[in-house]
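Sequence lines, in order, name chains A and B. Note that the first sequence covers residues 707 to 977 in our numbering. Note that the second sequence covers residues 707 to 977 in our numbering.
No wet-lab data here; the hints were simulated from the structure. Being a predicted model, the structure only gives us computed values, none of them experimental. Any given hint might turn out to be false.
Intra- or inter-copy, both count: the list cannot distinguish identical chains.
Computed list of lysine to aspartate or glutamate pairs in EDC-like fashion (alpha-carbon distance at most 16 Å, straight line) [as the list claims (entries may be wrong)]:
hint	residue 1	residue 2
1	K906	E972
2	K711	E807
3	K742	E895
4	K953	E974
2 protein chains.
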Amino acid sequence: MNTQKRTVIYVSDGTGITAETLGHGLLTQFDNIEFKPVRFPFLDSEEKVRDCLARINELSRREAVRPIVIMTQTNSDFSAILHQAEAFFIDLFDAFIVPLEQELGSRYTRAVGRSHGHANPEYNSRIAAMNFALAHDDGVSDTDLKNADIILVGVSRSGKTPTSLYLSLQFSLKAANYPLIPEDFERGELPSRLQPYRGKLYGLTIAPEQLQRIRNERRPNSKYSSLENCRYEVAAAEKMMRREGIKWFDTTAKSIEELSVQLMQELELGR
Amino acid sequence: MNTQKRTVIYVSDGTGITAETLGHGLLTQFDNIEFKPVRFPFLDSEEKVRDCLARINELSRREAVRPIVIMTQTNSDFSAILHQAEAFFIDLFDAFIVPLEQELGSRYTRAVGRSHGHANPEYNSRIAAMNFALAHDDGVSDTDLKNADIILVGVSRSGKTPTSLYLSLQFSLKAANYPLIPEDFERGELPSRLQPYRGKLYGLTIAPEQLQRIRNERRPNSKYSSLENCRYEVAAAEKMMRREGIKWFDTTAKSIEELSVQLMQELELGR
């Protein structure tokens, strides 16, 4: 079967990020189709909405198949105008908002941007978590480890930094990370700074072959990136984590999303 | 009206992140209700699914109102089991997958985790973008600015770092950022390293009062965080950006999501 191409249009009176995240999750499962994204965010006036309608119809005429529109439009008048477009619609609001209003006995307030404005405490805690993750990346600061929700340990390039950042942005967790380095293995004990915080330590490990590939991009043909050294560090780190009773996860075949959700589960179980 | 409390349960055979992002976008608009999230990810066996069913029913019995279940379950047998729970369902697959299959003339492949595995080139480019953003944060490295998709400039703490990281994680953009500092203002010109890349420079600015609050958390009662200095730096940065023809955005009342989507629009228009 040939690869089919389809335009997917994200339409929103907000950022469109909810629509785009949903679309991404749904459409990547159709693996014989190549999707080209087009974004129309912030459609909050009739003029913008009518302009968008014209552009969707233009795209539709230009292509052999009609585009897919994934939409979060909170204004029902604007929504009705957009639905005149020659397109296939996935309308999050039609599908879910009306039933939700009934279930909750409450009106959807249709306030654009509420989910991530500065006035929202949840937003502020998410940004604070991200700043924390950046400030506590790779052991650069340990003044504040006691305030961390989780501390990831593992050898250099085992996936600590992206996982910490994702945990902070997605789940507002204060995620620090701390490297395990050859000096720790020679001494045969956890870095002393980590010792007071055993309860929040989780380990990441990785197949030495993949670690070698990743390190080799950074420092080609070094001792640091040699397969022999990668094997040594990974084995020593796993030995240390086993001895210290630190639960660890293998990042080799996992995405940061999958890892982050697993770590969240561990934290929730531990509470 | 009193604040109502509702449990919202994210159920998935994958990470559940698509469901959670959608739920977050929808539910935050019901501002008189406090939602408590519970997560059941990775439900990929009948045993796990039946255990989840029991736990949802347990939650339902314990609370005055039934919980809300937001679900992305690709296995239709498992989905049917879960639908027996005493809950209000938002089922992304029921609502959208079947119509999408018809529209696309293609089968949903029901492969868990496809949207973010290591084998996925899109996933890898996203991680590469994040590593780029981290390596090019706050002007720490300029060896590779020519490969940046966008370079954000602005005074210290104007929002460059979170915006760069978000652009990289959400849109796989290689986003660098570079600070504008008092030495640049005295010299009266852009940092020389940025001069070859004018086409990809975008500015961030911020109200001096807010900048003062943010800086004061980091270095209380310093010259750096004084309102007078914040006013001077912001005015000097805006003057420089105006003279150099750098388009800028005010981050004072915007979330990083909103800013990032606006920057994406600029980049798409510029292409």
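Next item on the list: Against the structure, test the hints numbered earlier, and report the numbers of the ones violated in rising order.
Entry: Structure breaks hint 3 only.
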